[in-house]
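**Student:** Now for the letters of each chain:
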Amino acid sequence: MKRTHFLAGAAALVASAALPSLAAAQVQVGAIEILTGPAAAYGIAIKAGLDLALAEVNAKGVLGGQKIVLTVEDSAGNKDQAINAARKLIGRDKAVIIIGPTLSNEMFAVGPVTNERKVPTVGTSTTAAGITEMGPYIFRTSLPESDVVPVTFKKAQARGVKTIALMYANDDAFSKSGFDVMKAAAEKLGLKILTIETFGSKDTDFAAQLTKIKALKPDAIGISALVEPVSGVVLQARQLGIGKETLLLGGNGANSPKLGDIAGAAADGMLVGSPWFIAKPDAVNTKFVADFKAKYGKDPDQFAAQAYDTMKIVAQAIDRAGAADSEKITAALGKTDFSGVMGPFKFTAGRDPASSEGVVVLEMRGGKFAIAQ
Amino acid sequence: MPVWLDDFLWTYQNVVYALGINGLLALSMYVVLAVGQLSLGQAAFMGMGAYSSALLTLKLHLPFAVVLPAATIPPVLFALAIGTPTLRLSGVYLAIATIGLGEVLRAVYLNVDALGGALGISGIPERAGMVSIYGLLIVALAVLWLVARSGIGRAMEAMREDEIAAAVMGVNVRRYRLGALLASAVLAGAAGALSAHVSSFIGPNEYGFEPAVTILSYALLGGISSPFAPVAGAWILTLLPEALRGFADLRLVFNGLIIVVVVLFLPNGLLPLRMRRWVK
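Chains as they are written, first to last, in my numbering: chain A, 1 to 373; chain B, 374 to 653.
These are computed hints drawn from the structure, not numbers from a lab.
Bear in mind that the values here come from a model prediction, so they are computed numbers and not experimental data.
Among the hints, erroneous ones may be present.
Unchecked claim - Among the chain B residues that face chain A by a calculated CB cut under 7 Å, a handful are:
| id | residue |
| --- | --- |
| 1 | 387 |
| 2 | 388 |
| 3 | 434 |
| 4 | 483 |
| 5 | 492 |
| 6 | 625 |
What the hints assert, rightly or not - Chain B side only, calculated, beta carbon under 10 Å to chain A, not exhaustive:
| id | residue |
| --- | --- |
| 7 | 391 |
| 8 | 495 |
| 9 | 499 |
| 10 | 545 |
| 11 | 548 |
| 12 | 571 |
| 13 | 574 |
Stated by the list, open to error - Here chain A is said to cover these stretches of chain B; the calculated rule only asks that three of the stretch's residues, wherever they fall, bring their Cβ under 8 Å from a Cβ of chain A:
| id | segment |
| --- | --- |
| 14 | 375-383 |
| 15 | 575-585 |
In this text, a Cβ means the ideal position worked out from N, Cα and C, and glycines have one as well.
Isolated chain A (complex conformation) (with noise of 0.2 Å):
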């Protein structure tokens, strides 16, 4: 009721300067990215994305013809930062659904305060588990791991792997939390898990834990950690002669075409899932590739492309809610079904994906991800 009879003020002060009703006419969303420090790669893909989803939903408007306007707050990648975006963005800006923030971590802090005013949040990049029971009005539309890594290790174990061996990175929660849903994965699958290494993100030589490993000669090697560790990883396994007949596994964090320009030939044959693929043959795809590229210059990467999506979904859910209300918008995005880059998308009860059907799993061939047989 606060909010309406502001807008309503303001779009009276408005009329009364005899100027069209611009404040009555725009819908604000709120976004909180990573878009300084060392993880800004991962907020400015996502900004790339939401702006290009943007362009294309202001294009018609939604709401019969009013233009969302999208307010991009910077957390630095610190939580405290995205706490203060995040009520700048209700408090200030008047946001009615914020988009974000890019790290569960952050996710973790933000969720109780946008859930307190009751302002739907939905998260495009955080994977970890629990950030949506944080309350009712935090949704995300990225595949948690749970959903990816299994579909990945059902399919090493179509190509024979029976016994596995684990290694993560200990001190990210990104890492760890991906290391849990590999091991619940092996465990429900009957993989027999041989060994279980950790190290650390910023860790250059994995030649003890590697050396253990390949005395025990697993089947497959499965590695939860950012993809600059992963390849490290991988390069130093090939190097301790661990050949092409251990098949190497990887979360969502090798799934980066970096994995290629660090590893290069060392990673081929490595398998990585993925809620979506650059070369996914379907027209929504290919139109969305060619236009990223066009406006950007380079090719989008995961992170882009969900939240291409995202923005859409945001956008169609402002639209069925019928006005620029948060409590209609949270009711409007549980009734989702879109269909986009990643594939058919829907909320469960709990506001997390659906369904992984859009999940493909590729491998290294020759340095670049290519669909995997």
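Assemble the complex: chain A is given as a structure, and chain B must be docked to it using the hints.
**Tutor:** What follows is chain B alone, placed relative to chain A:
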């Protein structure tokens, strides 16, 4: 309360809390710098306070009035245990030893499952507020101000200027050093408990080397002429990133630039005046 004021306070609530908490952290740095020690264990003490308070709240469901003082006990015990061996060191050696302690604790948080490992602890209820944060800050400032004006303050200043001369004049150097370290542990531990109970999430990487340096920079920017100076430094460094939001991509560049300019032109901090001169 009018709607706009309510919205304004809600928007900047976290910034206002952060000013108070970072003020306390700046004071925990001040007390060791005031006796001429470069100890960088404040982030580690803060982490111990944050983790122990979060566990006391979540596992034992104790009221915050009990949790807050209780959370300062582990950092104090830790400071007592490390105090005797580390305070034999001084200058940059002490700094390195205390940074090492912070990293050891980080490894403990990462590897103990009960502490959440890399996932940290989430879902901490919001218990701290204006009264607890600013009440504590005001009390700490008042006590430190009185101490600085007393004989103890003069002994501390003598130690800062020349430790050997101070010892010759009968100042019990070791006792003052240990006292300063304990006070630092109490202040940082309380700040950690308060911060855990306003931001609902804590992780192991929040109490490592980087925050230790940030806390040091509060005191360096403000100066250590009086307890108010480091708090002023903390406030400026906390407000700057928020005030510069308008610069978007260039935000951190301006943030850094302002700090460099201040350090170049005001090497003794923003408030270089000696407190006694104001009082006279």
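**Student:** If a hint holds in the structure, say so; if it does not, say that too.
**Tutor:** Checked hints:
{"no.": "1", "hint": "387", "in the structure": "5 Å, holds"}
{"no.": "2", "hint": "388", "in the structure": "6 Å, holds"}
{"no.": "3", "hint": "434", "in the structure": "18 Å, violated"}
{"no.": "4", "hint": "483", "in the structure": "5 Å, holds"}
{"no.": "5", "hint": "492", "in the structure": "5 Å, holds"}
{"no.": "6", "hint": "625", "in the structure": "5 Å, holds"}
{"no.": "7", "hint": "391", "in the structure": "6 Å, holds"}
{"no.": "8", "hint": "495", "in the structure": "4 Å, holds"}
{"no.": "9", "hint": "499", "in the structure": "7 Å, holds"}
{"no.": "10", "hint": "545", "in the structure": "40 Å, violated"}
{"no.": "11", "hint": "548", "in the structure": "37 Å, violated"}
{"no.": "12", "hint": "571", "in the structure": "9 Å, holds"}
{"no.": "13", "hint": "574", "in the structure": "4 Å, holds"}
{"no.": "14", "hint": "375-383", "in the structure": "holds (count 4)"}
{"no.": "15", "hint": "575-585", "in the structure": "holds (count 4)"}
Violation of the numbered hints given earlier is confined to hints 3, 10, 11; the remaining hints are satisfied by the structure.
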